[in-house]
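For the sequence shown, our numbering begins at 355 and goes up steadily by one.
Honestly, the hints are just simulated from the structure, not real lab data.
Be aware that one or more of the hints could be misleading.
Said to hold, decoys possible - List time: in silico DSBU-like cross-link candidates among lysine-lysine, alpha-carbon distance up to 35 Å: (1) K382 - K717; (2) K662 - K877; (3) K662 - K698; (4) K927 - K944; (5) K698 - K869; (6) K869 - K660; (7) K669 - K728; (8) K871 - K621; (9) K459 - K411; (10) K382 - K728; (11) K624 - K871; (12) K944 - K869; (13) K927 - K662; (14) K698 - K660; (15) K624 - K662; (16) K621 - K660; (17) K728 - K459; (18) K411 - K698; (19) K669 - K927; (20) K669 - K869; (21) K698 - K927; (22) K956 - K869; (23) K423 - K717; (24) K624 - K660; (25) K662 - K644; (26) K411 - K423; (27) K720 - K459; (28) K624 - K944; (29) K698 - K624; (30) K698 - K669; (31) K644 - K621; (32) K660 - K459; (33) K411 - K382; (34) K669 - K871; (35) K871 - K927; (36) K944 - K956; (37) K411 - K720; (38) K717 - K728; (39) K662 - K869; (40) K927 - K869.
No experiment lies behind these values; they were computed from the predicted model shown.
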Amino acid sequence: MQYPSNGTYHDATFMRSNEKSFLYNDLKNQTLRVVFPTIEPPYVNYANFSDDAVAEKGYGPGVVMEILKEIGRRLNLTYEIIPSEGTSWGEFINGTWTGAFGQLKRGEADILAGAAIIDYDRSMLCDMTYPFQFEPTGIMIRYPEKYEDDTLLIVTEPFSWTVWFITAVVIFVSALIFLAMTTILRRVFGEMHVTLFESTWVFFSIFVQQGLPQQPRSWSCRVLIGLWWLASITLSATFTGSLVALFAVEKTNLPFQNIDTLVRSVKQGKFEIVMDGNSFTRTEMIARSKLPVYQELWHEILVNHKVKYVDGIQKGVEFVRANSGYALLGPMATLRFYVYSDCKVLLLNDGILPVYLSIPLAKNSKYTSYFSTKIREMVERGFTEKWISDYESYVATQRINECNSTTPGPKSYLDLKRAQGAFWVLLAGTILGIVLFIGEFLHQLFYKHIFKRYWRSNNESSTTPPSIHNITTPECSSSEASNETEGKMIARYLILFGLFITISYSFRTQSTGVKGKLMCGNKPANGVQLTLYDEDNGPDPDDDLGRGYTNADGAFELNGNTTELTTIDPHLKIYHDCNDGAQPCQRRWKFELPNRYILSGKNNQRTLDIGTWNLEAILPGESRDCHH
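Using the sequences provided together with the hints, build the complete structure.
Written as structure tokens, this is what we have:
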């Protein structure tokens, strides 16, 4: 069948050779040259077609390799692997194709063994087979730190600060409305009398599920109060349900949820993009996109240079694994493979920039139609999808890279660390009550007793002439005794007030720091996680002073401060896998910092240098930690 094009006719179709047909026997018993642009699981796991390699490694060579092997068995083909130009797919630069596509263009190879993204430029360069996979682009980040500040967990987690703020505003606005209604109705209906504070206290009492000291008499006020009761019941149920879910289900707090929040984080300087420098197809897709979110992302990449190109997806995964604040964009299935084998990286559920994947053949290849037909049959039978799913399951069970550990389930009880928020609220309420008590007492004492008595005595002395008959000895004695008693009371409460202020100022800010260098054998220990914290033995939980990772040279420096009543007890924890073998979790080293490296103030002025340590050593009393 022929297709018209610009008034003429030709027999070339998209993704097909311009040869009309080839005999089946012409395709058999041939040798095809194959070039591998990159190793990209699960599409290409290794460049070897032999069955011995499968037996040796224990897993298949990849879905693209399986497709080529299946077609090779049917046609009795021999594949000759030719060296590739580096590890690059190639791009069109100054009218010339580079990399593996350049070898395909120049006739140095017949097949490009890899999952190539179908786009217009590539389809003009070579024959693209029927797509064997529809795949979005995944977003991978370093797994968020397990540390969370649980100080006000019980208060802040069920409701966000926005909900708390809106609730406070609604309480105050409702109090104003209730005050206006009672003020107006009190003159015509005999409604209850309230002040602004009392009106606000009415709705606060409803919010915390407490009763009212007095019920309104008018129906308008009763309806307002009744609807507020209904709203408070709903809020209370939501608060309780959120707490139950919070303590029953483990939740990971992600720095962003989708591409929109990722771009926002990139613009704020919190994240940068990591991409494969061997293939610029996804970069070009971002540059050509008309969607505002991708235009903003491209502006950050092109103008603000918020991007880092790496030599292959595997290098990108290693970089993201060792450095927080980076997001890797790459093939979803490939990134999922690394997530299944490494617990230190995380893949977002939502993908972006969906593409079709194909196996490129040389332009006008006589094998294009046959390859496309067989690939289509495999896709329709579910071969490719099942192979990828089975391989992911195999990787997840093997954990060939990391995470030979079990994840503990949620606790059946609420420990002090997570319930401390309730006690902090109780402590804050107690302190606020004491402060208000002292304030009210001083107000009543100085204003109602001393100031009024002084004002009354001045008025009496100015209006009544002094007379000896107005002065009696018993009254003088009574007045002197009363003044003496009040003086003692004032002295006592001033002492209590001074004691309270002294205790408040006894809490002081203290700082400390530690630095050093870590080695694993004769190599620097790069990306080792360290935590500097204040160890508390009482009900107060440990305070996190600082966290970080060693750099490429294995060096680190941590500084931090906290406010405590007594001298802090700083410790350094080091989590590493050096000389670990196949044991689960990570080795944990623990150092205690001397007191002379603890100084007052927020800015640390004295840092403990622990020198160089080889992590291969076994420390007495060291432990293992799966979650930190």
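Hints, verified against the model:
1. K382 - K717: Holds, at about 19 Å.
2. K662 - K877: Measuring from Cα to Cα gives roughly 25 Å; hence the hint holds.
3. K662 - K698: OK: K662 and K698 at ~20 Å, within 35 Å.
4. K927 - K944: Holds, at about 5 Å.
5. K698 - K869: OK: K698 and K869 at ~24 Å, within 35 Å.
6. K869 - K660: Between K869 and K660 the Cα gap is close to 30 Å, so the pair holds against 35 Å.
7. K669 - K728: holds, 34 Å
8. K871 - K621: Judged against 35 Å, a Cα distance of about 34 Å means the pair holds.
9. K459 - K411: Cα-Cα ~33 Å, so holds.
10. K382 - K728: Distance ~15 Å between K382 and K728 Cα, so the pair holds.
11. K624 - K871: The hint holds at about 27 Å.
12. K944 - K869: holds, 14 Å
13. K927 - K662: holds, 31 Å
14. K698 - K660: holds, 23 Å
15. K624 - K662: holds, 14 Å
16. K621 - K660: holds, 9 Å
17. K728 - K459: holds, 24 Å
18. K411 - K698: holds, 24 Å
19. K669 - K927: Answer holds: K669 to K927 is near 28 Å, not above 35 Å.
20. K669 - K869: holds, 28 Å
21. K698 - K927: holds, 18 Å
22. K956 - K869: holds, 18 Å
23. K423 - K717: holds, 21 Å
24. K624 - K660: holds, 10 Å
25. K662 - K644: It holds: about 23 Å lies between the C-alpha atoms, which stays within 35 Å.
26. K411 - K423: Status holds; Cα separation ~17 Å.
27. K720 - K459: holds, 15 Å
28. K624 - K944: holds, 30 Å
29. K698 - K624: Since the Cα atoms of K698 and K624 sit roughly 19 Å apart, the hinted pair holds (cutoff 35 Å).
30. K698 - K669: holds, 15 Å
31. K644 - K621: Roughly 19 Å separates the two Cα atoms, so the pair holds.
32. K660 - K459: Measuring from Cα to Cα gives roughly 33 Å; hence the hint holds.
33. K411 - K382: Holds. K411 to K382 sits at ~30 Å (cutoff 35 Å).
34. K669 - K871: holds, 24 Å
35. K871 - K927: This hinted pair holds, its Cα atoms lying about 14 Å apart.
36. K944 - K956: Holds, because 24 Å separates the two Cα atoms, which is no more than 35 Å.
37. K411 - K720: This hinted pair holds, its Cα atoms lying about 34 Å apart.
38. K717 - K728: OK: K717 and K728 at ~19 Å, within 35 Å.
39. K662 - K869: holds, 28 Å
40. K927 - K869: holds, 12 Å
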